[in-house]
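Chemist: Protein sequences, first through last, are from chains A and B.
Straight run, no breaks: the first sequence in this note's numbering ends on number 356.
Straight run, no breaks: the second sequence in this note's numbering ends on number 855.
Please note: incorrect hints may appear among the correct ones.
Just so you have them, the derived chain B footprint on chain A, three or more residues with Cβ under 8 Å [what the hints assert, rightly or not]:
id, stretch
1, 123-137
2, 157-170
3, 201-211
4, 267-280
5, 333-343
Pairwise CB distance ranges, derived in the manner of DEER restraints [unchecked claim]:
id, chain 1, residue 1, chain 2, residue 2, range
6, A, Gly305, B, His664, 48 to 54 Å
7, B, Asp599, A, Arg336, 53 to 59 Å
8, B, Leu586, A, Glu13, 50 to 56 Å
9, A, Ala332, B, Ala687, 50 to 56 Å
10, B, Asp642, A, Ala246, 56 to 62 Å
11, A, Glu46, B, His664, 52 to 58 Å
12, B, Ala655, A, Gly236, 19 to 25 Å
13, A, Arg336, B, Leu372, 24 to 30 Å
14, B, Arg398, A, Arg336, 36 to 42 Å
15, A, Glu76, B, Lys364, 48 to 54 Å
16, A, Glu46, B, Ala509, 51 to 57 Å
17, B, Ala379, A, Arg20, 53 to 59 Å
18, B, Ala705, A, Arg336, 47 to 53 Å
A few chain A residues that face chain B, going by a derived Cβ cut-off under 8 Å, partial list only [unchecked claim]:
id, residue
19, Ser62
20, Phe144
21, Arg154
22, Ala176
23, Gly226
In short, the hints are calculated from the structure, not lab data.
C-beta atoms are modelled at their ideal positions from N, C-alpha and C, and glycine is treated no differently.
Each chain, letter by letter, is given below.
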Amino acid sequence: MAGSDSPPPCGEELGERIRRAAATKAPLRIVGGGTKAFYGRQVDAEPLNVAGHCGVVSYDPSELVVVARAGTPLAEIEARLGECGQRLAFEPPRLGEASTIGGVVAAGLSGPRRPFSGAVRDCVLGATILDGRGQVLRFGGQVFKNVAGFDAFRLMAGAMGCLGVVLEVSLRVTPAPRREAAVALELASDVARTRVCALMARPTPLSGAFHDGERLHLRLSGGEAGVTALAAELGGEEEPLGYWDAVRDLTHPTLASHEPLWRVSLPQTAPIPPVGDVAAWDWAGSLVWMRSNLAAESVWQSAAGVGGHATLFRGAKAGEEVFQPLAPAMLALHQRLKAALDPAGVLNPGRMYGAL
Amino acid sequence: MLDRFEAKLDGAFGLLDRETLLARLRAVLPGERLIATTEAMRPYESDGLAAYRSLPAAVALPADADEAAAVLQICRELGVPVVARGAGTGLSGGALPFPGSVLLALGKLNRILEIDPVARTARVQPGVRNLAISEAVKHHGLFYAPDPSSQLACSIGGNVAENAGGVHCLKYGLTVHNILKLEALTIEGERLTIGSDALDAPGFDLMALLTGSEGLLAVVTEITVRLLPLPADIQALLVAFSDVRQAGQAVADIIAAGITPAGLEMMDELALTAAEQFAHAGYPLDAKAILICECDGAAGDAEAELAHVAEICRAAGASEVRHAKDEAERARLWAGRKGAFPAMGRIAADYYCIDGTIPRRQLPQVLAKIAELSSEFGLAVANVFHAGDGNLHPLILYDAAAPGELDRAEALGGAILELCVAVGGTITGEHGVGREKINQMCVQFTTAELEAFAAIKAAFDPQGLLNPGKAVPTLARCAEFGAMHVHRGEVAHPELPRF
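From just these sequences and the hints, can you work out the full model?
Modeler: Here it is, written out as structure tokens:
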């Protein structure tokens, strides 16, 4: 056991706030570090601050799991894991020093390693939440293989706090690779996407494939022999691994924009819909960052037309929808699910969709 | 016995004239796609948990998703429960028919619809066998990673319902990590697309929720799976220990050293002896425990990693470390492990397989406690163990013909599961709750948590018609059977460390 910090638990106080809110039908806006306030729709409600509910509860490197309270800074967790040569495989964007693990899970944003090592929800092994009645519920646990009960803990990843306030999460962690390398290749976007597909059809140690509009950037992570062999085969220009920090944290210069920035998620081989200027793509060509002033409806329609979906990531006006609209039957199911866990509709109402 | 459903504990459904139901079903399921005679329904009265048997009102064998939707619409309208079934290999009674129910057997939906080697995906119907997917894409150098031991027979639809794992899931993940999209039918017969061909989808992550939901939320009619490139090199090691605790320590040390083996399996003396006699795998019969460790990766890396594992095992006190020198020897090592269950059939009249998961560090204490429980109940227990991910499979040996032995085996199994929960684990790692572990759910979850599960189910299935009496117990059931148990906070084994 690598030690345990124990600040005073304040779950009870948060539960009381929710019970009062539910009784008076006064909605709450869940706030962690506030670094993702721009993401999703704005909620006009009293803040429920979770950042104070913090601290690593347990971390045992030989169990490959870290358990932390929601308000624990992401940076603190990553530092702890780093000391033992481990990391979070889903590599979430670090959008500010205050970023908390609860916010990371609630937003469900996964970094460049997503196509190779999985998403946030893949690494969530369990969650303790406060539901919309202020009850503490524990789903999942601390073990990788666990099929008792519905996987309500995975459901919390990306739910934007609409189904419960995450109090504590157990996350699967991964050993850091023995060797990593980064290279850049002079390849145009479409050629680069084809090249990446060909590489991924073989057992290669690829762990990142990002195109900045001009060049393809590849990251390799794995054993000594595999990384060395692939790097030699790829050629190109070797670059510092630090290049990938900006890709991960969405601070790459190509993503800076005064225009609305769209995040378009696509099937691996789908054509990029011509609805804006492609700033860059990540996730081996499955995630396209785009600047567009087109009406949101036409971006959504084009994305859906090729089997993908689009999110107005930055630059939405107040009250606008930002996520790809759901079909009526699917929206109705979402509403029933929200009502199941938050019957009074007090947890982040409207943060994901106006009607949710 | 849990194969007797009780209206009070499992859900009450209005009694329906069977002829009315059959007439409605016949109109949408021509000819032999509707089975209604007792004799013809016999093969469907149980799944892989053969101790539990019960006959449905009818067995529906739809030829496509439209017919399945029509069956669901009729059942919803008439208020008839529906139990979905894949290949029937499940080990927890999840596909055990509810009396008066329609058993919706999806075996005829068995086509691989599309293989895309460039995007590395396959679109398949639920009745496709797990191994058939890997076989169909092998010539592209690809495979479908989750490999439950029953992969020759089990269907991918059942894998989704159970969130199936396998011996390689430590490295490659469970079913939920290897699928992209589901086409599913609600109890209304309405089609839903869950997930997407992209790496995420808008809204809540319903794909993750549906995976492992044991047929309680929807009926899956199509699955898009992700395929992975076959590894360049695979190497395996057999390690023997003269003390089970040393083997447990070696497992923890391997993981802590930053190694992610493709497979890491452990067997105790009783299990390895039986397996050796059955499969002649070359296991050392004087060992108290063996580990099988497999590493894969680029040429050179797998070998280097395995050499590191060998070093760690020697340091932990291994009495023998044997590197499989060729593919044939590697296959033999696995044949012994995969044959461990049938091997038990030779040394005992019957065996009962348990499926708890524990944190790896609890392994020595838990094995010691299982040995104590084994002598307390007077039944031998052989331990087969997915050591890498803490998933235990204690096999309780008993004789169903001996009066009282099955009851004792069930009671011992229940005690082992409660032990798993007490040390911070779970009652089921991969076999599912199904019917078998429904009472133990009352131990693992509180009333509020069970109510939340029921509310989630009601959001999909307000009448509770999909697979009633399985996976999520009613509060009435917990009141009746949970009384003998103790909830979290008042733990069954206070001597064990808590965290």
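Chemist: For every hint, state whether the structure bears it out.
Modeler: Consistency of the hints with the structure:
1. 123-137: holds (count 4)
2. 157-170: With 5 residues closer than 8 Å to chain B, the stretch 157-170 of chain A meets the three-residue bar; holds.
3. 201-211: It holds: at least three residues are needed, and the stretch 201-211 of chain A offers 5 whose Cβ sits within less than 8 Å of chain B.
4. 267-280: holds (count 4)
5. 333-343: That given contact holds, which follows from 7 residues of the stretch 333-343 of chain A lying within Cβ reach (below 8 Å) of chain B.
6. A:Gly305 x B:His664: 48 to 54 Å: For histidine 664 of chain B against glycine 305 of chain A, whose Cβ atoms are near 50 Å apart, the range 48 to 54 Å holds.
7. B:Asp599 x A:Arg336: 53 to 59 Å: holds, 54 Å
8. B:Leu586 x A:Glu13: 50 to 56 Å: For leucine 586 of chain B and glutamate 13 of chain A the Cβ distance comes to about 53 Å; the hint holds.
9. A:Ala332 x B:Ala687: 50 to 56 Å: holds, 51 Å
10. B:Asp642 x A:Ala246: 56 to 62 Å: holds, 58 Å
11. A:Glu46 x B:His664: 52 to 58 Å: Roughly 54 Å apart at Cβ, these two residues keep to the hinted range, so it holds.
12. B:Ala655 x A:Gly236: 19 to 25 Å: holds, 22 Å
13. A:Arg336 x B:Leu372: 24 to 30 Å: For arginine 336 of chain A and leucine 372 of chain B the Cβ distance comes to about 27 Å; the hint holds.
14. B:Arg398 x A:Arg336: 36 to 42 Å: holds, 39 Å
15. A:Glu76 x B:Lys364: 48 to 54 Å: holds, 51 Å
16. A:Glu46 x B:Ala509: 51 to 57 Å: holds, 56 Å
17. B:Ala379 x A:Arg20: 53 to 59 Å: Taking Cβ atoms as reference, alanine 379 of chain B and arginine 20 of chain A lie about 55 Å apart, which means the hint holds.
18. B:Ala705 x A:Arg336: 47 to 53 Å: holds, 49 Å
19. Ser62: Holds: closest Cβ of chain B sits about 4 Å from serine 62 of chain A, inside 8 Å.
20. Phe144: Because about 5 Å separates phenylalanine 144 of chain A from the closest Cβ in chain B, which is inside the 8 Å limit, the hint holds.
21. Arg154: holds, 4 Å
22. Ala176: OK, holds: alanine 176 of chain A within 8 Å of chain B, min 7 Å.
23. Gly226: Given a least distance of 3 Å, the restraint on glycine 226 of chain A holds.
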